[in-house]
Amino acid sequence: MTANKNLKKYVKSLSQTQDEIAKEIGIARIYFNAILNGKVRPGREASQKIEKWSGGLFKAADLMQL
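So my numbering is basically just the index in the sequence shown, starting at one, shifted up by 16.
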C-alpha cells in the first residue's frame, strides 16, 4: 500500500475533518485533499509538516515519493 493510501486510511480513522487536520498541519485543505487522493506529491515542507503532525508515523521521504 502506498504512503498516501495509508495516510488517507489513517485520516479517516480520526474523529476530525480534513479541514481541521490541514489546519493542524499548517497546509491548505485543498492541497491536503489532493495529497490524500494521490493527485499531487507533497513538497519537502509539506511532507515534513505531515511527518511532524503524525509523530513520525509517516516519513517525509516516503510521502515525497508517492
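Just so you know, these hints were derived from the structure itself, not from any lab. On a predicted model such as this, the values are computed, not experimentally measured, just so you know. Every residue, glycine too, gets a C-beta built ideally from N, C-alpha and C. A hint or two may mislead.
[Claimed, not checked] Simulated restraints, written as ranges between beta carbons of each label pair:
hint	residue 1	residue 2	range
1	L30	K75	28 to 34 Å
2	M80	S31	24 to 30 Å
3	A77	S31	24 to 30 Å
4	G59	S31	16 to 22 Å
5	E61	Y26	17 to 23 Å
6	Q34	E61	27 to 33 Å
7	A77	T33	23 to 29 Å
8	R60	S31	25 to 31 Å
Item to complete: Check each numbered hint from earlier against the structure, then list the numbers of those it violates in ascending order.
Response: Hints 1, 4, 6 not satisfied by this model.
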